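Quick note, the sequences are listed as chains A and B, same order.
Position one of the first sequence corresponds to residue 0 (numbering that gives the first Met the number 0), numbered consecutively onward.
Position one of the second sequence corresponds to residue 0 (numbering that gives the first Met the number 0), numbered consecutively onward.
FYI, nobody ran anything at the bench for these hints, they're computed from the structure.
Please note: incorrect hints may appear among the correct ones.
Said to hold, decoys possible - For lysine-lysine, the following DSBU-like pairs were computed, each having C-alpha atoms within a straight-line distance of at most 30 Å:
#1 K33(B) to K87(A)
#2 K170(A) to K407(A)
#3 K427(A) to K33(B)
#4 K33(A) to K125(B)
#5 K125(A) to K33(B)
#6 K170(B) to K32(A)
#7 K170(B) to K1(A)
#8 K125(B) to K125(A)
#9 K32(B) to K497(A)
#10 K32(B) to K442(A)
#11 K11(A) to K23(B)
#12 K87(B) to K32(A)
#13 K129(B) to K1(A)
#14 K129(B) to K502(A)
#15 K11(B) to K125(A)
#16 K1(B) to K129(A)
#17 K33(A) to K442(B)
#18 K497(A) to K544(A)
#19 K129(B) to K129(A)
#20 K11(A) to K33(A)
#21 K407(B) to K33(A)
#22 K33(B) to K442(A)
#23 K547(B) to K170(A)
#24 K129(A) to K497(B)
#25 K87(B) to K1(A)
#26 K125(A) to K497(B)
#27 K87(A) to K32(B)
#28 K1(B) to K125(A)
#29 K547(B) to K502(B)
#30 K442(B) to K129(A)
#31 K427(B) to K32(A)
#32 K125(B) to K497(A)
#33 K170(B) to K170(A)
#34 K33(A) to K427(B)
#35 K32(B) to K502(A)
#36 K32(A) to K442(B)
#37 K33(B) to K129(A)
#38 K129(B) to K32(A)
#39 K125(A) to K32(B)
#40 K427(A) to K32(B)
Owing to the predicted nature of the structure, the values given are computational and were not obtained by experimental measurement.
There are 2 protein chains.
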Amino acid sequence: MKASQFFISTLKEAPADAEVVSHKLMMRAGLIKKLGAGIYNYMPMGLRVIRKVEAIVREEMNRAGAVECTMPVIQPAELWQETGRFEKMGPELLRISDRHGRDFVVQPTSEEVVTDIARQELRSYKQLPKNFYQIQTKFRDERRPRFGLMRGREFIMKDAYSFDRDQAAAKASYQVMAQAYRRIFDRFGLTYRAVAADSGAIGGDLSEEFQVIAATGEDAIVYCPGSDYAANMEKAEALAPQGPRPFPSQAMAKTATPGKSTCADVAELLGLPLSRTVKSLVLATDTTNEHGEIVKTQVWLLLLRGDHDMNEIKVNKVAGLENFRFATVAEIEDYFGCKPGYLGPIGLQKPVKIVVDREVAVMADWVCGANEADFHITGVNWGRDLPEPDAVADLRNVVAGDPSPDGKGVLAIERGIEVGHVFYLGTKYSRAMNATFLDENGKPQPFEMGCYGIGITRLPAAAIEQNHDERGIIWPDAIAPFTVVICPIGMDRSEEVKQAAEKLYAEMLAQGVDVLLDDRGERPGAMFADWELIGVPHRVTIGDKSLKEGVVEYQHRRDAAATKVAVSDVAAHVKGRMAV
Amino acid sequence: MKASQFFISTLKEAPADAEVVSHKLMMRAGLIKKLGAGIYNYMPMGLRVIRKVEAIVREEMNRAGAVECTMPVIQPAELWQETGRFEKMGPELLRISDRHGRDFVVQPTSEEVVTDIARQELRSYKQLPKNFYQIQTKFRDERRPRFGLMRGREFIMKDAYSFDRDQAAAKASYQVMAQAYRRIFDRFGLTYRAVAADSGAIGGDLSEEFQVIAATGEDAIVYCPGSDYAANMEKAEALAPQGPRPFPSQAMAKTATPGKSTCADVAELLGLPLSRTVKSLVLATDTTNEHGEIVKTQVWLLLLRGDHDMNEIKVNKVAGLENFRFATVAEIEDYFGCKPGYLGPIGLQKPVKIVVDREVAVMADWVCGANEADFHITGVNWGRDLPEPDAVADLRNVVAGDPSPDGKGVLAIERGIEVGHVFYLGTKYSRAMNATFLDENGKPQPFEMGCYGIGITRLPAAAIEQNHDERGIIWPDAIAPFTVVICPIGMDRSEEVKQAAEKLYAEMLAQGVDVLLDDRGERPGAMFADWELIGVPHRVTIGDKSLKEGVVEYQHRRDAAATKVAVSDVAAHVKGRMAV
């Protein structure tokens with residue numbers, strides 16, 4: 000490609016609404032252009048990146064035996080009513096009426112449509128396994144779209160859906176996809192982790208997120224540097240503490256803690272480590288009748304160590320807490336006779352169920368609120384000062400330094416951006432939509448399903464969050480808009496420069512290199528600044544003076560300085576520096 | 000590709016709602032699957048065709064210097080309000096509100112968005128010409144979607160938009176696109192015509208439709224077998240008749256024609272050729288005040304020869320008739336004192352403007368209605384029996400046998416399916432959206448624009464309408480889902496057949512041939528029927544018996560019978576039969 004035939008548009012400043020670096024750089028490098036909130040034009044430079052991402056995904060999906068199709072962007076509501084998602088999904092689901100008043104949705108994913116295809120097309124176990132995928136426009140009407148393509152409303156996703164005859168086969172299909180995803184992410188040239196994720200009500204370990212590692216990532220990733228263990232924060236298990244609970248060594252005492260309503264403040268006031276304090280969280284669960292009216296409310300007191308945070312997914316799994324909510328201030332004052340900040344499990348008058356984290360269950364001589372404003376209690380001990388808790392469970396987020404669940408060291412935490420997810424669905428959709436096939440005995444059986452997504456347009460944003468410097472983007476070769484840029488200096492003045500540039504361009508093109516010749520006639524400073532901003536990984540500069548010495552300059556986007564290379568060697572030199 | 004890794008699904012019968020052959024065959028061959036009215040899943044077999052169409056279009060668009068980008072499917076209403084199309088477009092434009100109640104449209108085309116990009120990005124004449132294109136999902140909420148992908152609601156279109164500094168440059172850009180379209184349609188391997196089309200109010204000849212020739216086409220195409228002349232019916236000019244009007248030879252006479260309200264019936268009753276009768280059509284134009292209330296209505300009588308049809312586009316161009324409508328029956332009875340079927344220009348009491356086709360203007364001794372039920376008048380002559388008409392113009396559709404406007408023979412008519420359109424837009428959108436660039440003198444000028452569409456998903460349907468037989472589809476090589484299919488007979492029983500099939504498959508793959516090996520183990524009859532229905536152009540059959548003689552069978556989808564070819568020659572033989 001020659002720059003004069005292409006479209007290059009860079010900006011000195013990012014627009015004010017661009018908060019994160021990838022959004023800023025994508026706008027400045029002219030990869031995308033905002034059309035509305037969370038809605039972007041993919042400009043020529045950006046579309047080249049997206050197409051390269053798509054091509055890698057498509058190749059590996061095909062290699063893994065998945066079959067590509069395309070499901071409509073606008074989908075009839077009827078199918079979405081079969082699974083109840085038309086009603087259940089929130090305002091993220093964009094709903095439309097057509098000219099005849101019929102309801103439609105703009106697809107955020109396609110479970111319903113693909114299950115509808117399967118129940119019509121896959122009639123026999125002999126047709127299984129089958130995995131359909133599409134690379135298609137999606138829409139989620141985010142309440143607060145932001146960060147450019149990172150959390151847009153219209154985006155491109157690769158979504159795949161596997162159909163199997165039984166759980167064992169479904170797990171095999173899942174593993175095929177998990178392996179394909181590793182190949183895909185390896186090929187992107189990004190640092191990533193496949194982390195175990197919560198698989199919801201289905202259970203089992205068949206849910207992994209593919210996280211591109213970046214300090215700016217929204218997600219906390221837990222991993223063990225000494226092993227393969229990696230999970231997202233929701234999923235990562237905090238191991239049960241070792242050894243028995245110590246014996247009490249202190250008497251229980253009420254202590255004035257005026258104005259100290261947080262564990263940190265109390266610990267500081269009392270000169271105790273934060274890990275000796277206990278945090279009280281009040282939850283509630285409602286029982287409703289057939290009309291949806293609340294007929295009974297149960298209040299729960301959740302106790303965590305002062306230096307630990309609650310993990311909602313884990314709390315959700317405690318029997319009875321599946322649909323918990325946080326208690327209201329009125330409920331708290333009613334049950335504890337005290338405002339939040341000084342709550343605790345001692346001396347409760349009303350029926351409150353007490354659920355404690357495993358760490359709290361083995362504490363002795365701990366500190367909690369006195370259920371009286373401006374007072375705490377020290378030296379609290381289980382059994383002696385209050386009954387044993389109603390339930391003990393893993394309720395907290397892990398912290399760096401916790402032992403790894405695989406016993407191979409301690410956990411570390413880093414940040415990531417989720418760009419892929421593989422998930423075992425079971426029969427959730429096939430049962431809801433009565434999607435069955437006939438087994439060997441001619442009996443209808445629901446499909447065992449899995450779903451597998453990759454955020455095609457989110458990936459470039461994640462790649463930039465991971466790979467940039469103060470001058471701009473640094474693309475991995477595999478997804479760079481161009482792999483090589485040739486920058487001739489004074490092409491209009493020097494016939495030698497022009498000829499050398501055209502010759503190298505033709506030579507590289509003939510070798511199948513994705514090369515751009517910058518024939519715009521920009522001055523060197525502006526030209527270099529453009530390409531450093533856009534982030535093309537390999538640059539060859541051809542100047543009049545060095546050409547007289549038979550050399551040109553090569554610089555990788557990560558190199559501190561240019562290297563002189565003989566004109567005759569430069570194509571080979573560039574190829575040598577390219578990722579395989 | 001091996002069939003076992005792919006997804007093949009054929010039907011014996013087409014669904015009842017499939018009316019045209021392409022719709023029937025696309026459903027039966029498993030290319031598409033209906034999801035809702037005018038909304039289809041592109042199944043794996045169909046998607047391969049679509050991707051091949053896209054690839055050819057993309058290659059030639061790039062070669063012609065156009066730059067690919069992608070504009071959102073969901074577009075903010077604001078831009079559409081700038082041009083007035085948000086209000087003016089009918090219910091075909093699908094309108095949506097998001098969760099915040101903001102208005103959006105699902106794009107049917109992207110003139111507004113691309114003009115918005117241009118007014119921000121193309122600031123100087125030095126950046127021109129520029130042509131942006133996209134291959135993207137579109138939606139038109141057709142009142143009556145039908146014919147499968149031929150007139151669907153959701154579809155894929157390639158739309159390109161050129162931006163130029165002046166009319167001359169815009170015309171050059173138009174010609175570049177018109178040439179690229181010829182290369183694209185040549186490569187598809189279809190019989191097509193580029194026909195002149197009406198360019199609306201803009202004038203000039205810069206509008207061409209690309210029509211795939213098919214007996215079942217919706218559009219009538221006019222062409223001259225002896226020259227390059229081709230136009231659509233709306234556009235094709237009926238030349239002015241040669242020679243002067245003959246002198247009157249009959250006296251005017253009122254004749255009873257009871258119940259004969261059509262020209263054909265009257266001609267038959269009177270024993271005259273249809274070309275001696277004159278057809279009366281009553282139109283009306285309304286003048287409105289600033290409140291949109293009708294303050295005056297002018298009635299027009301349009302006269303055409305009995306064997307000719309009115310051309311609305313041409314009538315629209317007569318001064319005063321730009322916004323004509325057909326008169327109501329009440330208006331007709333008021334002005335002519337007679338119901339439709341017996342109308343004519345003789346003896347009118349109220350002010351009616353008379354506009355006649357050029358053929359009618361040179362007729363003598365003609366027949367028309369008497370403005371009295373069940374009566375006509377014969378022997379009518381201009382000047383003698385009524386004044387000369389108020390206006391004479393080309394108002395009719397041409398008919399086969401009319402002289403060609405280029406003077407090189409007579410016109411013929413065939414049917415076509417419009418799959419592409421190149422169109423000079425002028426400054427319609429740039430002026431409405433105040434989209435300007437700075438010229439050499441630093442003065443803002445509106446862009447001169449053109450737009451260029453190809454119906455990516457309509458093309459396969461058109462290809463099938465043109466290329467099919469009673470057994471199924473016959474794809475041109477360039478857009479076939481697979482170019483070659485290898486059909487081994489009894490692969491499960493014969494190791495020799497299996498090995499020969501696998502070897503040929505590997506050999507062809509290595510040569511870059513898009514080949515499918517049918518390893519499903521179907522019986523020959525079912526297997527052949529599938530591939531004839533699906534329409535793969537080249538088939539190689541490998542059987543145990545012929546293999547012992549060292550031969551396999553080759554059959555092109557259009558061949559009446561198979562040809563025996565030595566195993567060692569078959570790859571070369573197939574290549575020899577492939578389109579270049």
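* Are the Cα positions of K33(A) and K125(B) separated by 30 Å at most? -> holds (24 Å)
* 30 Å Cα cutoff - pair K11(A), K23(B) -> violated (56 Å)
* Asked: Is K125(A) within 30 Å of K497(B), Cα to Cα?
  -> Between K125(A) and K497(B) the Cα gap is close to 21 Å, so the pair holds against 30 Å.
* Asked: Holds or violated: are the alpha carbons of K32(A) and K442(B) at most 30 Å from each other?
  -> holds (26 Å)
* If you draw a straight line from the CA of K11(B) to the CA of K125(A), is it 30 Å or shorter? -> Status holds; Cα separation ~20 Å.
* Straight-line Cα separation of K129(B) and K502(A) no greater than 30 Å? -> holds (26 Å)
* Is K129(A) close enough to K497(B), meaning Cα to Cα at most 30 Å? -> holds (24 Å)
* Asked: Taking only the CA atoms, is the gap from K87(B) to K1(A) under or equal to 30 Å?
  -> With a Cα-Cα distance of about 41 Å, the restraint between K87(B) and K1(A) is violated, given a limit of 30 Å.
* To do: Mind checking the alpha carbons of K407(B) and K33(A) for me, to see if they're no more than 30 Å apart?
  => Given pair K407(B), K33(A) is violated - Cα atoms ~54 Å apart, limit 30 Å.
* Asked: Regarding the pair K129(B) and K1(A), is the alpha-carbon distance no greater than 30 Å?
  -> holds (14 Å)
* Asked: Is the Cα-Cα distance between K129(B) and K129(A) 30 Å or less?
  -> violated (45 Å)
* To do: Measure nothing beyond the straight line between the CA atoms of K125(B) and K497(A); if it is 30 Å or shorter, mark the hint as holding.
  => holds (21 Å)
This entry does not satisfy hints 8, 9, 11, 19, 21, 23, 25, 30, 33 and 35, going by the numbered hints stated previously.
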